[in-house]
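Novice: Chain by chain, the residues:
Number of protein chains: 2
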Amino acid sequence: MMNDWKQDQLQVRDRIRKGDYTGPTAGLLNGQTQANLVVLPKELAFDFMLFCQRNPKPCPLLEVLDPGSAEPVLTAPKKDLRTDLPKYFIYRHGEKSEEVTDLSSNWTGDLVSFLLGCSFTFESFFLQRDIPVRHIEEGVNVPMYATSLECHSAGRFEGNMVVSMRPIPEEKLTEAIQVTSRFPAVHGAPIHIGSPEKIGITDLDKPDFGDPVTINDGEIPVFWACGVTPQLVIMKLKPEFVITHAPGHMFITDKKDTDYFLL
Amino acid sequence: MMNDWKQDQLQVRDRIRKGDYTGPTAGLLNGQTQANLVVLPKELAFDFMLFCQRNPKPCPLLEVLDPGSAEPVLTAPKKDLRTDLPKYFIYRHGEKSEEVTDLSSNWTGDLVSFLLGCSFTFESFFLQRDIPVRHIEEGVNVPMYATSLECHSAGRFEGNMVVSMRPIPEEKLTEAIQVTSRFPAVHGAPIHIGSPEKIGITDLDKPDFGDPVTINDGEIPVFWACGVTPQLVIMKLKPEFVITHAPGHMFITDKKDTDYFLL
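So the protein sequences, as listed, match chains A and B.
Under this note's numbering, the first residue of the first sequence is numbered 1, with each subsequent residue one higher.
Under this note's numbering, the first residue of the second sequence is numbered 1, with each subsequent residue one higher.
To be clear, the hints were calculated from the coordinates, so they are not data collected in a lab.
Accuracy of the hints is not assured; some may be wrong.
Because identical chains share one entry, a pair is satisfied inside a single copy or across any pair of copies.
[To be verified] DSSO-like cross-link-like pairs, simulated, lysine-lysine; straight-line CA separation at most 30 Å:
#1 198 / 96
#2 238 / 172
#3 42 / 57
#4 256 / 198
#5 238 / 96
#6 57 / 256
#7 236 / 172
#8 172 / 18
#9 206 / 172
#10 236 / 42
#11 198 / 78
#12 236 / 18
#13 172 / 78
#14 256 / 236
The following block holds chain A by itself, in its conformation from the complex (with noise of 0.2 Å):
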């Protein structure tokens, strides 16, 4: 007989579909991949969809939905992007209009929707190989900054990148590194190693999102380009219309983390 956890875990998007979980996807259905979403009007999915051909480090394409489709038939056929993640946020002309957990009413034909790698998946290859992730052991966010490197731009969309920290001892930092090099989907390999100010940061204490965290001694700052990214490139725009992932409450795929190691 299953107990209580393993039985909620199977039936956890059950109950995201019905609206009967809204919380945080962290942690859930462990070893399934995880996706940030963001839906855009058709004028201007294929300026965003070059954006990410141009950026792959921060806007790393798992899937893009045909027009109007809320179905991910790649990453999770049968599964309705308008019902199986937990939490929504609308923006309107660039201001957060509404938090809702069903998009059904506010869908029309004419929207795209994008799946974007998410740092989750590498994240719990970390912990299987004992490289620490300091957000986690501290219960925290992960610390975000916005750095000096500029995007790629496509159309209307351009901005800086992004990054996300992590604190590495020395004696696992090649390990980090090849990790997230076979992961070429959810972020690839770190950006940046090391010295914060060569890439315009000036105070880690400081993240511009998320939580700071301890860097021991013995540990270097690292750096991967992080999913904010295109969220921020998106509202600078002030569409009149974008939906995404409230953060932390992903999209469940039906790939495995392992689907996404680059042999």
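Please build the complex by placing chain B on the supplied structure of chain A, with the hints as guidance.
Specialist: Relative to the frame of chain A, chain B by itself:
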């Protein structure tokens, strides 16, 4: 002092631009990445980019240009796709209508250019590592076959995968797989090894495109996704206007083949 051959090599791109060299590009500027060109009206560009995103093995995107732009700012800044390929084919309503060496008079602000990776890149690594490339040894075109493998469709773009075949000695098979696995930007790892009938190929001596090659005892036919796939998928739609490079007459970028070696 440079010998004539080296001098020729350095000047070949100037000569191509001037229309003074209109031949194939195989072997030119060795080590510098060559690319397939597809130019489509904007109306088809979103769905085609989606098709490439969903089928990265046959359609590895090196760069997608802004609508109307002919300058590949990421892979060859200051170059011009209208003049810097030795020969182009223009198709109207799915039929080849012209062969030209300069696109200037056919260019409009509505055209979107796609540069796709080409197997020349990994073949040059094969030669460096003594993995035989039979069609080069025999001085013919690589044999290509239509298969029963369906691509993921995108909008009106759909069709089966075309593959290229290289016979690999059993003792070199591991290395051939390793090398191409490291090159996801130029078709990546093989999509099939061995029995051709399993992917719908009935006779290796009768390729659908290119020329048959000798398969020696102790060699295994190895199949890679091929860049002819997107061309066929496009032509099925009989679009009003399409431009491609003439076969073998590729765009020479500023990138080195090693830039696409995924570490």
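Novice: Hints the structure violates: just list their numbers, smallest first.
Specialist: Numbers 1, 2, 7, 8, 12, 13 and 14 - these are the hints that the structure violates, sorted from lowest upward.
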